[in-house]
Amino acid sequence: MHRIVLMVSLSFLCFGCELTYEDNVRLLVKGTVILPDKQQVPELPIDVYAAGNFSGYPFIFAYGPSEDLDLMGTSNLNPNGEFNVTAISPENADEILMVINDQYRMEHNKDWPTVVFTQMEELDLKDYTYSIGPTPIKPIVESRLNIKRIENKTDSMYLSIRHNASFIRKNVIYDDGMNGQWPDRISTSLYPNVNQKTVVFRNIRHESIQVYFRLFNNGIKRETTLEIKFNQETNGYEIRI
Amino acid sequence: MKFEYKTIFPILCLVYVMNTAAQEETKKSNVVPFGIFGISYSLPISYGNNFVMEGYNLQGGLNLDGRVLFPSNWTIGGQLNYFKGNVENISAVGGISNSRILHLHITGGYSLKLVNYLRLHIAVGPGYVQYWHTQGTTRFKDDGFSLTSNLAISYNLNDSIGIYLKLDHQWDLLQVDTASELNGFFNDIKLILPSVGIALFTF
Chain A
2 MHRIVLMVSL SFLCFGCELT YEDNVRLLVK GTVILPDKQQ VPELPIDVYA AGNFSGYPFI
62 FAYGPSEDLD LMGTSNLNPN GEFNVTAISP ENADEILMVI NDQYRMEHNK DWPTVVFTQM
122 EELDLKDYTY SIGPTPIKPI VESRLNIKRI ENKTDSMYLS IRHNASFIRK NVIYDDGMNG
182 QWPDRISTSL YPNVNQKTVV FRNIRHESIQ VYFRLFNNGI KRETTLEIKF NQETNGYEIR
242 I
Chain X
13 MKFEYKTIFP ILCLVYVMNT AAQEETKKSN VVPFGIFGIS YSLPISYGNN FVMEGYNLQG
73 GLNLDGRVLF PSNWTIGGQL NYFKGNVENI SAVGGISNSR ILHLHITGGY SLKLVNYLRL
133 HIAVGPGYVQ YWHTQGTTRF KDDGFSLTSN LAISYNLNDS IGIYLKLDHQ WDLLQVDTAS
193 ELNGFFNDIK LILPSVGIAL FTF
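These protein sequences, in sequence, are chains A and X. For what it's worth, the working numbering labels the leading residue of the first sequence as 2, then goes sequentially. For what it's worth, the working numbering labels the leading residue of the second sequence as 13, then goes sequentially.
Heads up, some of the hints might be wrong.
Which bits of chain X does chain A cover? Going by a derived footprint, with three or more residues having C-beta under 8 Å, they are [to be verified]:
#: 1; segment: 95-106
#: 2; segment: 144-150
#: 3; segment: 182-194
Derived DSS-like pairs: lysine-lysine, alpha-carbon spacing no greater than 30 Å straight-line [as the list claims (entries may be wrong)]:
#: 4; chain 1: A; residue 1: Lys111; chain 2: A; residue 2: Lys230
#: 5; chain 1: A; residue 1: Lys127; chain 2: X; residue 2: Lys202
#: 6; chain 1: A; residue 1: Lys31; chain 2: X; residue 2: Lys153
#: 7; chain 1: A; residue 1: Lys154; chain 2: A; residue 2: Lys230
#: 8; chain 1: A; residue 1: Lys31; chain 2: X; residue 2: Lys202
#: 9; chain 1: A; residue 1: Lys127; chain 2: X; residue 2: Lys153
#: 10; chain 1: X; residue 1: Lys202; chain 2: X; residue 2: Lys153
#: 11; chain 1: A; residue 1: Lys31; chain 2: A; residue 2: Lys127
#: 12; chain 1: A; residue 1: Lys230; chain 2: A; residue 2: Lys139
#: 13; chain 1: A; residue 1: Lys127; chain 2: A; residue 2: Lys171
#: 14; chain 1: A; residue 1: Lys149; chain 2: A; residue 2: Lys139
#: 15; chain 1: A; residue 1: Lys198; chain 2: A; residue 2: Lys154
Quick partial rundown of chain A residues pointing at chain X, CB under 8 Å, derived from the structure [stated by the list, open to error]:
#: 16; residue: Glu19
#: 17; residue: Tyr22
#: 18; residue: Met73
#: 19; residue: Ser76
Quick caveat, the hints were computed from the structure, so don't treat them as lab data. Ideal placement from N, C-alpha and C gives every residue a C-beta, glycine not left out.
Can you make the complete structure from the sequences, with help from the hints?
Take a look at the structure:
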C-alpha cells in the first residue's frame, strides 16, 4: 500500500499538465520591423506566448495529455518600428512564439498580415533579453491578376489562385523567408471565346502567388501549377495561356 | 483602487457596538497602555516609475499591526499588510492576471501623547515583501526586502478600544532578475497605504 502511495506521489512530481513560471524573473523581447517606402508605422499589437505539450498524470484520465498556451506578455509597435515586450519567464515551455498583429485580437489591423515568429526559445538569451533582427513586413493591398488567352481560345478554363492575404510564419533560427505560403484561395473560370479577364484579390504587397489552371473540353486537356511573381511594369500579376 | 464596503462595514459596526457598550463606563484611562493593536482597512496607492504603478488597479486590503510601549514611550512591534491588485496593463507587467501582495515588517518607533485620549505613533522598520502572481491556474512569486515608515493616530473611545488612523509608506526592493533597462522598473516599488480601523489597548 505504501508503495502505491509513493508511486502516485512520485508521478505527481514527475508529470505536469500546465505551464509554470520562474520566480523573480522577467524577460524582455525586443526587435524592429522594416516597412517599405518609409511608410508610417501602424500601431500593431505584439504578443509573446509560451506553448507546452504535457503527458498528464498516469492513470488519471481527467489529467490526460494536453497542450497549454499562455500569454507571456504583450506590447505594440512604436512609431519607430521598434517593439519591447515585457514577459514572464516559463520554466517548462516547449516553444516560445511571438505574434505581430494577431488576427484574433481586437486591435488587429486588416491592412497588415499576422506574422508568427517560431522557435524563439532557441535564440541566445542575453541580459534576460531575446533580440530579433530587423524584420521586413509588407502591407496587404488590393492586387490584380490579368488572365490572357494567347494560344488556346476554344477550351474552357478553370483557375485556382492561391495567395497570401493574412498570415506569415517565420522561423527565427532557420530563416525560411516569407515566400511560398499561400493560405488563401479564390477561383475563376473563362468560357470559350472569352479571351481576357481580370481578377482582383488582396495579397501581401509584391509577394508571389500560385495559380493552378485547367483547360477542359470533353475532358481535361491540360493542367499546370505556376508560381507568378509581381510584375513591376504592369503593377500586377499576369498569366498568358 | 476600489472602496470595499464589505470589508469596512463590519469594522465600523464593531466600533459602534463597543463604543455604545462602553458609554456607561466612567472615565477614560490616562494610564499609558502596554500594547496597542491596530486592525485597519487600507487603500494602497503606488507612485513612481514601476510596474505596480503602471500596470495594476490596486484593491483595498488589510493592515494588522501591534506595538509594545515602554515607559519611555519608545515602541517595538510588527505589522502585516495584505492587499490584491488586478492587472490592467499587461504590457507593463507581463502575462499576469492578478497579484496578492503581502508585507511583513518589524518596527521600532515612538509614541507621543497629544491630548488625553489622542496618541501619535511613528515607526520605521525592515521586512519582507511577496508579490504572489496568478497566471491562469499557475502561480509564481516575486519577493524581496522592504522598508516601512508609518505614522498613526489612535483615539481612545474607552479603556480598551479606539479609532485608528494610519499612513504607511512601503519601499519594496524586489530581487527580480531582468534586463538591465527594466531593473529599476521591477525592483524599486514605492507604495503609500492610508488606512482606517480600530485600535485595541492592553494595560
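Against the structure, the hints come out as follows:
1. 95-106: holds (count 5)
2. 144-150: The restraint on the segment 144-150 of chain X holds, since 5 of its residues have a Cβ under 8 Å from chain A and three suffice.
3. 182-194: holds (count 9)
4. A:Lys111 with A:Lys230: Roughly 23 Å between the alpha carbons, so the hint for Lys111 of chain A and Lys230 of chain A holds.
5. A:Lys127 with X:Lys202: Answer holds: Lys127 of chain A to Lys202 of chain X is near 28 Å, not above 30 Å.
6. A:Lys31 with X:Lys153: 24 Å, holds
7. A:Lys154 with A:Lys230: Distance ~24 Å between Lys154 of chain A and Lys230 of chain A Cα, so the pair holds.
8. A:Lys31 with X:Lys202: Given that 30 Å is the threshold and the Cα spacing comes to 27 Å, the pair holds.
9. A:Lys127 with X:Lys153: 23 Å, holds
10. X:Lys202 with X:Lys153: 18 Å, holds
11. A:Lys31 with A:Lys127: 11 Å, holds
12. A:Lys230 with A:Lys139: 15 Å, holds
13. A:Lys127 with A:Lys171: Holds, because 21 Å separates the two Cα atoms, which is no more than 30 Å.
14. A:Lys149 with A:Lys139: 28 Å, holds
15. A:Lys198 with A:Lys154: Satisfied, since the Cα-Cα distance of roughly 13 Å is no more than 30 Å.
16. Glu19: With Cβ-Cβ at 6 Å, under 8 Å, it holds.
17. Tyr22: 4 Å, holds
18. Met73: Met73 of chain A check passes; min Cβ-Cβ to chain X is 5 Å, inside 8 Å.
19. Ser76: With a closest approach of 5 Å, the Ser76 of chain A hint holds.
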